[in-house]
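Chains as they are written, first to last, in the working numbering: chain F, 5 to 97; chain W, 1019 to 1201.
Honestly, the hints are just simulated from the structure, not real lab data.
Computed from a predicted structure; not experimentally measured.
Where a beta carbon is used, it is the ideal one built from N, C-alpha and C, also for glycine.
Check each hint, because a few of them may be wrong.
With a straight-line cut-off of 27 Å between C-alpha atoms, the simulated BS3-like cross-links for lysine-lysine are [said to hold, decoys possible]:
{"hint": "1", "chain 1": "F", "residue 1": "Lys60", "chain 2": "F", "residue 2": "Lys74"}
{"hint": "2", "chain 1": "W", "residue 1": "Lys1037", "chain 2": "W", "residue 2": "Lys1087"}
{"hint": "3", "chain 1": "W", "residue 1": "Lys1104", "chain 2": "W", "residue 2": "Lys1066"}
{"hint": "4", "chain 1": "W", "residue 1": "Lys1158", "chain 2": "F", "residue 2": "Lys91"}
{"hint": "5", "chain 1": "W", "residue 1": "Lys1087", "chain 2": "F", "residue 2": "Lys92"}
{"hint": "6", "chain 1": "F", "residue 1": "Lys60", "chain 2": "W", "residue 2": "Lys1127"}
{"hint": "7", "chain 1": "F", "residue 1": "Lys21", "chain 2": "F", "residue 2": "Lys11"}
{"hint": "8", "chain 1": "W", "residue 1": "Lys1061", "chain 2": "F", "residue 2": "Lys91"}
{"hint": "9", "chain 1": "W", "residue 1": "Lys1037", "chain 2": "F", "residue 2": "Lys92"}
{"hint": "10", "chain 1": "F", "residue 1": "Lys97", "chain 2": "W", "residue 2": "Lys1175"}
Some residues of chain W that are not near chain F, with every Cβ distance over 10 Å (derived) [claimed, not checked]:
{"hint": "11", "residue": "Leu1027"}
{"hint": "12", "residue": "Arg1041"}
{"hint": "13", "residue": "Lys1066"}
{"hint": "14", "residue": "Lys1070"}
{"hint": "15", "residue": "Ile1078"}
{"hint": "16", "residue": "Arg1084"}
{"hint": "17", "residue": "Ala1096"}
{"hint": "18", "residue": "Ser1103"}
{"hint": "19", "residue": "Asp1112"}
{"hint": "20", "residue": "Gly1145"}
{"hint": "21", "residue": "Gly1157"}
{"hint": "22", "residue": "Pro1163"}
{"hint": "23", "residue": "Leu1186"}
{"hint": "24", "residue": "Phe1188"}
Covered stretches of chain W (chain F as the covering partner; in silico rule of three or more C-beta atoms under 8 Å from a C-beta of chain F) [as the list claims (entries may be wrong)]:
{"hint": "25", "region": "1045-1053"}
{"hint": "26", "region": "1115-1124"}
{"hint": "27", "region": "1174-1181"}
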Amino acid sequence: MTRSVWKGPFVDGYLLKKADKSKASSRNEVIKMWSRRSTVLPMFVGLTFGVHNGHKFIPVLVSEDMVGHKFGEFAPTRTYYGHAADKKAKRGK
Amino acid sequence: MSENEKICLGIIVGAQGIKGEVRIKSFTSEIEDIDQYGTLESKDGSKKFDIKILGSSKGILRATIRGLKDRNDAEALAGTELYVSKANLPALEDEDEFYHSDLIGLDVKLGADGSIVGEVAGIYDFGAGDVLEIKLTNGKSEMIPFTLSYVPEIKVKEGYIIVETVLLNFVEDFETGEDKDEG
Chain F
5 MTRSVWKGPF VDGYLLKKAD KSKASSRNEV IKMWSRRSTV LPMFVGLTFG VHNGHKFIPV
65 LVSEDMVGHK FGEFAPTRTY YGHAADKKAK RGK
Chain W
1019 MSENEKICLG IIVGAQGIKG EVRIKSFTSE IEDIDQYGTL ESKDGSKKFD IKILGSSKGI
1079 LRATIRGLKD RNDAEALAGT ELYVSKANLP ALEDEDEFYH SDLIGLDVKL GADGSIVGEV
1139 AGIYDFGAGD VLEIKLTNGK SEMIPFTLSY VPEIKVKEGY IIVETVLLNF VEDFETGEDK
1199 DEG
């Protein structure tokens, strides 16, 4: 069942404060967070969050495509390592 | 990683039908690409496999291998890993693009003093950009973003990467040295 529209997206309050604080500073910082249930808001785009997966913090750089999803979706709690094979990685800016 | 080194592209998981067809689990980005990098061979190079892909189902490829005549031949190959030479992979055009197999195992040096602090254990993409897992010399592992600010230099041939830090720069750590989260 979807969440009622009148309620708006859920975000833990402390996260908004931290995002404002991080935006104010121009340093390359990661926002430590445990709130995997919080929704990614447009105001978070461009920020990097360290989302806890129960074991460690997974760096999550928020992009426009992620808006509306929950933070927990980007920090899996179980990791299948797999094989490298022909997989490629691109270094971000 | 040397050019002569092999990389595993898949594994034969069993036989399919009675005409010598096999089921293959492919590890490539696009599973059908397993036959795009030349002749596949066993780990020791003693067996060559000329495969032809017939189709796929639930992420498992169905293929024929030249020389296999019946199900018994196909069953005998179950568990065989399929390798190609690293040199068979096409060269990458973008200087910021790397094969996982090139990065895994590289030493990790700190930019500040050049000391080796660990090695690259894996590269993951959970949907929010690539992340490097670094296995530190103290046995722990850390994840850092695979970005220019965290990983300013990558020297694949020399066998190392340079990172600014192996720890994430958390907001609280900078400000007060402690974490005031309510979680």
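Hints violated by the structure (listed by number, smallest first): Hints 5, 9, 11, 19, 20, 22, 23, 24 and 27 are the ones this structure does not satisfy, whereas the remaining hints hold.
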